[in-house]
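Number of protein chains: 2
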Amino acid sequence: MNIPSNHPRAKSLYIRELLVTGFRNGLVAPEGLIAHGRGEAFDYLLGEHTTKAARDAANAASSMLLLSKYPVISVNGNVTALCAKGIIELSHVTGAAIEVNLFYRTTEREMAIEKELKKNKAKTILGIGSEASMRIPELQSERRRVDPNGIYKADTLLVPLEDGDRAEALVNMGKTVITIDLNPLSRTAKVAHITIVDNIIRAIPEMIVAAKQLKEKNASVMKRIVEEFDNKANLAKSLNIIRGDI
Amino acid sequence: MNIPSNHPRAKSLYIRELLVTGFRNGLVAPEGLIAHGRGEAFDYLLGEHTTKAARDAANAASSMLLLSKYPVISVNGNVTALCAKGIIELSHVTGAAIEVNLFYRTTEREMAIEKELKKNKAKTILGIGSEASMRIPELQSERRRVDPNGIYKADTLLVPLEDGDRAEALVNMGKTVITIDLNPLSRTAKVAHITIVDNIIRAIPEMIVAAKQLKEKNASVMKRIVEEFDNKANLAKSLNIIRGDI
Numbered sequence: 000m001n002i003p004s005n006h007p008r009a010k011s012l013y014i015r016e017l018l019v020t021g022f023r024n025g026l027v028a029p030e031g032l033i034a035h036g037r038g039e040a041f042d043y044l045l046g047e048h049t050t051k052a053a054r055d056a057a058n059a060a061s062s063m064l065l066l067s068k069y070p071v072i073s074v075n076g077n078v079t080a081l082c083a084k085g086i087i088e089l090s091h092v093t094g095a096a097i098e099v100n101l102f103y104r105t106t107e108r109e110m111a112i113e114k115e116l117k118k119n120k121a122k123t124i125l126g127i128g129s130e131a132s133m134r135i136p137e138l139q140s141e142r143r144r145v146d147p148n149g150i151y152k153a154d155t156l157l158v159p160l161e162d163g164d165r166a167e168a169l170v171n172m173g174k175t176v177i178t179i180d181l182n183p184l185s186r187t188a189k190v191a192h193i194t195i196v197d198n199i200i201r202a203i204p205e206m207i208v209a210a211k212q213l214k215e216k217n218a219s220v221m222k223r224i225v226e227e228f229d230n231k232a233n234l235a236k237s238l239n240i241i242r243g244d245i
Numbered sequence: 000m001n002i003p004s005n006h007p008r009a010k011s012l013y014i015r016e017l018l019v020t021g022f023r024n025g026l027v028a029p030e031g032l033i034a035h036g037r038g039e040a041f042d043y044l045l046g047e048h049t050t051k052a053a054r055d056a057a058n059a060a061s062s063m064l065l066l067s068k069y070p071v072i073s074v075n076g077n078v079t080a081l082c083a084k085g086i087i088e089l090s091h092v093t094g095a096a097i098e099v100n101l102f103y104r105t106t107e108r109e110m111a112i113e114k115e116l117k118k119n120k121a122k123t124i125l126g127i128g129s130e131a132s133m134r135i136p137e138l139q140s141e142r143r144r145v146d147p148n149g150i151y152k153a154d155t156l157l158v159p160l161e162d163g164d165r166a167e168a169l170v171n172m173g174k175t176v177i178t179i180d181l182n183p184l185s186r187t188a189k190v191a192h193i194t195i196v197d198n199i200i201r202a203i204p205e206m207i208v209a210a211k212q213l214k215e216k217n218a219s220v221m222k223r224i225v226e227e228f229d230n231k232a233n234l235a236k237s238l239n240i241i242r243g244d245i
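Listed in order, the protein sequences are those of chains A and B.
For the first sequence, numbering that gives the first Met the number 0 begins at 0 and goes up steadily by one.
For the second sequence, numbering that gives the first Met the number 0 begins at 0 and goes up steadily by one.
Chain A with its partners taken away, still in its complex shape:
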């Protein structure tokens, strides 16, 4: 696709192309394209840059992943299309496992996503096919099917671009939930313990940088960062930025 590089919205159009390519390669559902558009609108209102609030949340999120015993990153088609490489690097840096978990679940999409992640040098991908043999209580959608060696036994989950229903069910299971969500008003943003209000394409590199720096420090520093993080206050900051921009 030919996007003129001098187009003032070239970056946003380029990200959009990553999604469309993912859609053509069978990673992304048509509904995933519409969902991306909704995110675009909120990113636009945020100013399409990583805010101080998002940076603080990313720092708390990376601390939480590093402090956890069994952290898992849940990926779907949009996440894979936008930042497969970043997710894999983050999993290496934090020791988190990767599990595929889809709202619009088909075997073809699961396999396409697994293939794309492995192409980007992921080692183990959980949650594929019959491996997703456990169920999240309360949930009706296909997202309830999870891997007993992944999301089901995890203490901390990074669930970017998440559905509100599942985020709530995971919190009710006692998991620590971290999300990346451009809409600070969404149910996911509100129920998660740590919400990074940012475009995932910027948030994942931010988390990687933070995790690399945090690893040089001792656990007490990370514990303090997590304890001092107030998700409600952080969401309010993002809302204020949106309000200020409007």
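If you're looking for bench data, these hints aren't it; they were derived computationally from the structure.
All values derive from a computational prediction rather than experimental measurement.
Hints are supplied without guarantee of correctness; some may be wrong.
Treat identical chains as interchangeable: a pair holds within one or across any two.
To be verified - Here are the simulated SDA-like pairs of lysine to any residue, each with C-alpha atoms no more than 25 Å apart in a straight line: (1) Lys10 with Thr105; (2) Lys120 with Arg15; (3) Lys189 with Arg242; (4) Lys231 with Asn171; (5) Lys222 with Met110; (6) Lys118 with Asn239; (7) Lys189 with Glu47; (8) Lys84 with Glu30; (9) Lys68 with Asp229; (10) Lys10 with Arg104; (11) Lys10 with Lys189; (12) Lys10 with Glu141; (13) Lys10 with Gly163; (14) Lys189 with Gly46; (15) Lys10 with Pro136; (16) Lys189 with Ala9; (17) Lys122 with Leu12; (18) Lys84 with Glu115; (19) Lys216 with Thr20; (20) Lys10 with Arg143; (21) Lys231 with Tyr103; (22) Lys10 with Glu137; (23) Lys10 with Ser140; (24) Lys152 with Glu167; (25) Lys122 with Asp229; (26) Lys10 with Asp164.
Given chain A's structure and the hints, the job is docking chain B onto it.
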């Protein structure tokens, strides 16, 4: 697609289905689905209804079209999928020509759009294939290719769901530009002479009703409506509504 009529978001889901059907029929580009999702977010913030500000803008827009010597309506895949019939009725009521103009241009999509419009009883459709032989200065994208008998010679253009680059280039060509855009902050919304901040699915019927009533009045009434319309003040009203909702 089965949408329960009592679903709280039934109307929005129904509109979404029009887009997905248009996508399956080759009218809508995958990027068009993303753009629609973006519109959905702004419509949500607006309260998903036609505001007083939008009604005033639609009234000014219909007056402008009726006062013009050679008005043209520019349509793309999303416009066709959402309201082919309405566009054709508006063109009959106002005497405006219809031209197909695509950002993501392919011959197949052009033909599919032409076919859909003709199925809905459109007579002449401009801008198809080699008929789009003129260029809009300044523009890099495929939207620069226009019909010498359509957009190129028009005095007034209705360009709904428009790209900011082209809106600006058209204004610089001396055209009077009317747009329909759910984002009151967009470049298109700001550079256009008349911006209707509303969902196109509601705005086009609103314009048709206004045009039918205006035709009964004399030109001086319409001239006064156009002269008294202040786009900047009107956009500020829509922004205030969004602010109140956030």
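Right, here's what the structure says about each hint:
1. For the homomeric pair Lys10 and Thr105, the shortest alpha-carbon distance between copies (23 Å) is at most 25 Å, but the shortest distance inside one copy (31 Å) is not.
2. With identical chains, the CA atoms of Lys120 and Arg15 are at most 25 Å apart within one copy only, with a shortest distance of 24 Å there and 34 Å across copies.
3. In the homo-oligomer, the alpha carbons of Lys189 and Arg242 lie at most 25 Å apart both inside one protomer (18 Å) and across protomers (19 Å), since each shortest distance falls under that limit.
4. Proximity of Lys231 to Asn171 under the C-alpha cut-off of 25 Å is restricted to the intra-copy arrangement: shortest distance 18 Å within a copy versus 46 Å between copies.
5. Taking the shortest Cα distances, Lys222 and Met110 never come within 25 Å of each other, neither inside one copy (38 Å) nor across copies (61 Å).
6. Taking the shortest Cα distances, Lys118 and Asn239 never come within 25 Å of each other, neither inside one copy (40 Å) nor across copies (48 Å).
7. In this assembly of identical chains, the alpha carbons of Lys189 and Glu47 lie at most 25 Å apart whether taken from the same copy (21 Å) or from different copies (19 Å).
8. Proximity of Lys84 to Glu30 under the C-alpha cut-off of 25 Å is found in both arrangements, the shortest distances being 23 Å within a copy and 23 Å between copies.
9. In the homo-oligomer, the alpha carbons of Lys68 and Asp229 lie at most 25 Å apart inside one protomer (22 Å), although the nearest pairing across protomers, at 60 Å, exceeds that limit.
10. In this homomeric assembly, Lys10 and Arg104 come within 25 Å of each other (Cα to Cα) only across copies, at 20 Å, whereas the closest approach inside a single copy is 30 Å.
11. Taking the closest pair of Cα atoms, Lys10 and Lys189 come within 25 Å of each other only across two copies (21 Å); inside a single copy the shortest separation is 28 Å, beyond that limit.
12. Proximity of Lys10 to Glu141 under the C-alpha cut-off of 25 Å is restricted to the inter-copy arrangement: shortest distance 18 Å between copies versus 33 Å within a copy.
13. Only between protomers do Lys10 and Gly163 lie at most 25 Å apart by alpha-carbon distance; the minimum there is 15 Å, versus 28 Å within a single protomer.
14. In this assembly of identical chains, Lys189 and Gly46 lie within 25 Å of each other by CA distance both inside one copy and across copies; the values are 21 Å within and 17 Å between.
15. Taking the shortest alpha-carbon separations for Lys10 and Pro136, only the inter-copy value of 23 Å comes in at or below 25 Å, while the best intra-copy value is 40 Å.
16. Only between protomers do Lys189 and Ala9 lie at most 25 Å apart by alpha-carbon distance; the minimum there is 19 Å, versus 31 Å within a single protomer.
17. In this homomeric assembly, Lys122 and Leu12 never come within 25 Å of each other (Cα to Cα): the closest approach is 31 Å inside a single copy and 34 Å across copies.
18. Proximity of Lys84 and Glu115 under a CA criterion of 25 Å is satisfied intra-copy only: 10 Å inside one chain copy versus 42 Å between copies.
19. Within a single copy, Lys216 and Thr20 get their C-alpha atoms no closer than 39 Å, and across copies no closer than 52 Å, so neither meets the 25 Å cut-off.
20. With identical chains, the CA atoms of Lys10 and Arg143 are at most 25 Å apart between copies only, with a shortest distance of 21 Å across copies and 34 Å within one.
21. Neither within a single protomer nor between protomers do Lys231 and Tyr103 lie at most 25 Å apart by alpha-carbon distance, with minima of 30 Å and 41 Å respectively.
22. Taking the shortest Cα distances, Lys10 and Glu137 sit within 25 Å of each other only across copies (20 Å), while inside one copy they are farther apart (39 Å).
23. In this assembly of identical chains, Lys10 and Ser140 lie within 25 Å of each other by CA distance solely across copies; the values are 15 Å between and 33 Å within a copy.
24. Within a single copy, Lys152 and Glu167 get their C-alpha atoms as close as 17 Å, which meets the 25 Å cut-off; across copies the closest is 55 Å, which misses it.
25. For a Cα distance limit of 25 Å, the shortest separation of Lys122 from Asp229 qualifies neither inside one copy, at 34 Å, nor across copies, at 60 Å.
26. In this homomeric assembly, Lys10 and Asp164 come within 25 Å of each other (Cα to Cα) only across copies, at 15 Å, whereas the closest approach inside a single copy is 31 Å.
Hint compliance for this structure: hints 5, 6, 17, 19, 21, 25 are not met, and every other hint is.
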